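Build the complex: two chains, separate frames, hints provided.
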Amino acid sequence: AQSVAQPEDQVNVAEGNPLTVKCTYSVSGNPYLFWYVQYPNRGLQFLLKYITGDNLVKGSYGFEAEFNKSQTSFHLKKPSALVSDSALYFCAVFTGTASKLTFGTGTRLQVTL
Amino acid sequence: DTEVTQTPKHLVMGMTNKKSLKCEQHMGHRAMYWYKQKAKKPPELMFVYSYEKLSINESVPSRFSPECPNSSLLNLHLHALQPEDSALYLCASSQEMWGGPQETQYFGPGTRLLVL
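So the sequence lines, in the order shown, correspond to chains A and B. The opening position of the first sequence corresponds to residue 125 in our numbering, with each subsequent residue numbered one higher. The opening position of the second sequence corresponds to residue 126 in our numbering, with each subsequent residue numbered one higher.
Accuracy of the hints is not assured; some may be wrong.
Below, a list of computed lysine to aspartate or glutamate pairs in the EDC-like style, where the Cα atoms sit at most 16 Å apart [to be verified]:
#1 178(B) <-> 192(B)
#2 165(B) <-> 132(A)
#3 224(A) <-> 228(B)
#4 147(B) <-> 177(B)
#5 165(B) <-> 133(A)
#6 166(B) <-> 132(A)
#7 173(A) <-> 228(B)
#8 224(A) <-> 221(B)
#9 166(B) <-> 133(A)
#10 224(A) <-> 183(B)
#11 224(A) <-> 169(B)
A partial selection of chain A residues facing chain B, derived with a Cβ cut-off under 8 Å [said to hold, decoys possible]:
#12 167
#13 170
#14 225
Pair by pair, the computed Cβ-Cβ distance ranges are [stated by the list, open to error]:
#15 127(A) <-> 227(B): 16 to 26 Å
#16 176(A) <-> 141(B): 43 to 53 Å
#17 178(B) <-> 136(A): 40 to 50 Å
#18 127(A) <-> 220(B): 24 to 34 Å
#19 135(B) <-> 208(A): 22 to 32 Å
#20 150(A) <-> 134(B): 32 to 42 Å
#21 136(A) <-> 169(B): 19 to 29 Å
#22 206(A) <-> 134(B): 18 to 28 Å
Because the hints were derived from the structure by calculation, they are not lab data. Note that the coordinates shown come from a computational prediction; the quantities given were computed from them, not determined experimentally. Idealized CB from N, CA, C, for every residue including glycine.
In isolation and in its complexed conformation, chain B is listed as follows (with noise of 0.2 Å):
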């Protein structure tokens, strides 16, 4: 089974709002990735977490704050959104952060979130 889940699978917010999405695997991968994907572009990566541990923060702005309450769960906590930050956020999963190429990575549906 190589599948991540990700809730929800739409996402309208108010650029005053807060809002948290959520990911999701039981694969037993202890690192766990978000990727930001503009309509017709490549994903970005955002933030890598490996053990529970932020290792990785690719210059994200703080009003998007990830969480990994444990090593199967990845949060993304939304507050104060622009319009721009409008995109599918894309979770994924590796066995290991630090095992090299030999990892690969399982991408979840995406969360498609639009921020008015």
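Okay, chain A solo, but in the shape it has when bound (with noise of 0.2 Å):
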């Protein structure tokens, strides 16, 4: 089965530090990768996804990703954290050919001054 994993329940950095979200998959064939980013009361909004191609993925707000086969982690980066990025984070999976997502625990960031 398809999925991900999200280590840390929540991530603390100051304001201008460079801040990781991490998250592992678990897949058969290729990995099709999201990150979603849910703030308080809202709904998710993307941010960025790998399909194939650079292993470096750019997104929305200056946010990052990595893809590491061998390592088999996509973790979401950012060079300098602002207090408007905490929020809640989400990794997620494509699923079969159904357009399914299957999202991690998430991983809630904390930016503080």
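Structure below.
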């Protein structure tokens, strides 16, 4: 079965510092991976996705993610965190041919001054 | 424009009530989805419509009844719900259902439902 794991429930970062939110995957076949962000009382916003090609994927709001096949990881990164980045981040894997997304358990990012 | 709208934003209903959630998109997408999200949990897929036809039902109880009256609208009719059905209900859409992983799903803001 296709699945993703987010090992950290919460990540705390000071504003201006780089941030990393971790995601590992377990898939049979080619992995198709996504990152979404959810602000309080809001729906999910698409950040970026990896389908094929370059291992470094650039997305919205200055976020990027690095696909690492040998480590089966797809970590979300940003060079300089902002307080406004504080939110819940979900990694997801595309499952099968039915456009079905399976989400990880989510990581809460807290950026402080 | 990647906007999916949902109404109402909040809904409180009793276990004997009948209510409906509404979702709308004007991006020309032909696949629409309902997800349920409990507090501090990831979204879970409930239904998928493709070209206004129900394609996936993730074994959802019959007290939830989806409807896709046209390509832009998706409804979720609620009847005889239980308190454990209280959750954030998210709608999403994508260009196609069978288009593969290239098809990004765009989510609405959700309806927060409380069943008393």
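Now the hints, each set against the structure:
1. 178(B) <-> 192(B): holds, 9 Å
2. 165(B) <-> 132(A): holds, 13 Å
3. 224(A) <-> 228(B): holds, 10 Å
4. 147(B) <-> 177(B): holds, 15 Å
5. 165(B) <-> 133(A): Holds. Residue 165(B) to residue 133(A) sits at ~10 Å (cutoff 16 Å).
6. 166(B) <-> 132(A): Holds, at roughly 14 Å.
7. 173(A) <-> 228(B): Holds - the C-alpha atoms of residue 228(B) and residue 173(A) are around 10 Å apart, at most 16 Å.
8. 224(A) <-> 221(B): Holds: residue 224(A) and residue 221(B) sit about 12 Å apart, inside 16 Å.
9. 166(B) <-> 133(A): holds, 11 Å
10. 224(A) <-> 183(B): Judged against 16 Å, a Cα distance of about 11 Å means the pair holds.
11. 224(A) <-> 169(B): holds, 10 Å
12. 167: OK, holds: residue 167(A) within 8 Å of chain B, min 4 Å.
13. 170: Hint holds; residue 170(A) Cβ to chain B Cβ min 5 Å, cut 8 Å.
14. 225: Where the cut-off is 8 Å and the nearest Cβ of chain B is about 6 Å from residue 225(A), the hint holds.
15. 127(A) <-> 227(B): 16 to 26 Å: With Cβ atoms ~21 Å apart, the hint holds.
16. 176(A) <-> 141(B): 43 to 53 Å: holds, 51 Å
17. 178(B) <-> 136(A): 40 to 50 Å: Given range 40 to 50 Å: holds, Cβ gap about 46 Å.
18. 127(A) <-> 220(B): 24 to 34 Å: The hint (24 to 34 Å, Cβ to Cβ) holds, given that residue 127(A) and residue 220(B) are roughly 25 Å apart.
19. 135(B) <-> 208(A): 22 to 32 Å: holds, 24 Å
20. 150(A) <-> 134(B): 32 to 42 Å: With Cβ atoms ~36 Å apart, the hint holds.
21. 136(A) <-> 169(B): 19 to 29 Å: holds, 28 Å
22. 206(A) <-> 134(B): 18 to 28 Å: holds, 26 Å
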